[in-house]
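For the protein sequence lines, the chains are X and E, in the order given. The first sequence maps to residues 1 to 145 in the working numbering. The second sequence maps to residues 1 to 145 in the working numbering.
No wet-lab data here; the hints were simulated from the structure. Keep in mind that the hints are not guaranteed to be accurate.
Stated by the list, open to error - What follows is a set of in silico ranges between Cβ atoms, one per label pair, in the way DEER data are often shown: (1) Ala126(X) x Met18(E): 29 to 37 Å; (2) Leu143(X) x Met18(E): 23 to 31 Å; (3) His71(X) x Gly86(E): 20 to 28 Å.
Said to hold, decoys possible - Capping the alpha-carbon separation at 35 Å, the derived lysine-lysine pairs in DSBU-like fashion look like this: (4) Lys51(X) x Lys34(X); (5) Lys51(X) x Lys41(E); (6) Lys51(X) x Lys115(E); (7) Lys37(X) x Lys117(X); (8) Lys37(X) x Lys115(E); (9) Lys8(X) x Lys117(X); (10) Lys34(X) x Lys115(E); (11) Lys34(X) x Lys117(X).
Even for Gly, the Cβ is constructed at its ideal location relative to N, Cα and C.
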Amino acid sequence: MIGMEILKPLAVLAGWTMLMWVWMYATRIPAINKLPKDGSAGADQGWTGAKLEALLAPSIQWKAHNYNHLHEAPTVFYAVALALAMIGQGDGMNASIAWAYVALRVIHSLWQATVNKVAVRFLLFALSSLCLMALVLHLIMALFH
Amino acid sequence: MNGTQIVGPVIALAGWTMLIWAWMIATRLPALRAAGVQLGKLRGGTGRNADGVVPDRIQWKAHNYNHLHEAPTVFYAVALALAVIGQGDGLNAWLAWLYVALRIVHSLIQTLWNKVIWRLAFYIATQLVIAALVLRAACHVIAGS
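The shape of chain X in the complex, shown without the other chains:
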């Protein structure tokens, strides 16, 4: 279909999010099971991932930080990519920029989950944001031109 090429990187980023989910559980659940058991009343109730910050090793939490992050900035990417596809502008240059965005987000994930030096993570995030800005600009131009 015309203008739908951009849905490929969209589907790949959604799939990557599922892989980060699996990676997060594969490292986090064993780490939780190694914690001393808290048998007090209500200990198995109500807490969220935020509580684990102080309990688990940072490198375990890095996977979760990235999983959460994949539900923040990429939401704008999904919205813009879908809008471009709907108006038939999701091929060619816009599809290439979307692939660059997804590639940068995958590298960003791998970096945050393993090495996590902040300066490099910042650079990767900034580059991915530039891709996103280009897509937003193209969408605005296509709609208001």
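Once you have looked at the hints, place chain E on chain X.
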């Protein structure tokens, strides 16, 4: 239109999010008042600051409201992508309804009872449904089948 039935569960989950918002506001504002917080005098701060200030059960509504803006964003993206390419009927629509039903149960668990192991079990179930939708969307947009 053909292939757009999946928009039904998308709207249903968006509507559920509005209901949880209303529930959160209806329980949280009186609780903040009871805790002596004067909303008119607050400057800065975010909802997280209410953790430990109002009763946990009140915050559970807010935790779930926030959560409804995380994982479901991937659901919206994939469901809309399927609708855009005309693949949102049949099994894909049923999977989407299943996702919404499981998310509603997840909301009720987190807001009312919040045993973490049950919340986790339902979260895993919802993520498996998204993973299935992502896989099916990826097959359609990338392999074209």
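Hints, verified against the model:
1. Ala126(X) x Met18(E): 29 to 37 Å: holds (34 Å)
2. Leu143(X) x Met18(E): 23 to 31 Å: Between Leu143(X) and Met18(E), where Cβ atoms are some 27 Å apart, the hint holds.
3. His71(X) x Gly86(E): 20 to 28 Å: Distance hint for His71(X), Gly86(E) holds at roughly 27 Å.
4. Lys51(X) x Lys34(X): Between Lys51(X) and Lys34(X) the Cα gap is close to 15 Å, so the pair holds against 35 Å.
5. Lys51(X) x Lys41(E): Distance ~29 Å between Lys51(X) and Lys41(E) Cα, so the pair holds.
6. Lys51(X) x Lys115(E): holds (15 Å)
7. Lys37(X) x Lys117(X): Distance ~33 Å between Lys37(X) and Lys117(X) Cα, so the pair holds.
8. Lys37(X) x Lys115(E): holds (16 Å)
9. Lys8(X) x Lys117(X): holds (30 Å)
10. Lys34(X) x Lys115(E): Roughly 20 Å between the alpha carbons, so the hint for Lys34(X) and Lys115(E) holds.
11. Lys34(X) x Lys117(X): Roughly 27 Å between the alpha carbons, so the hint for Lys34(X) and Lys117(X) holds.
Violated hints: none; the structure is consistent with every hint.
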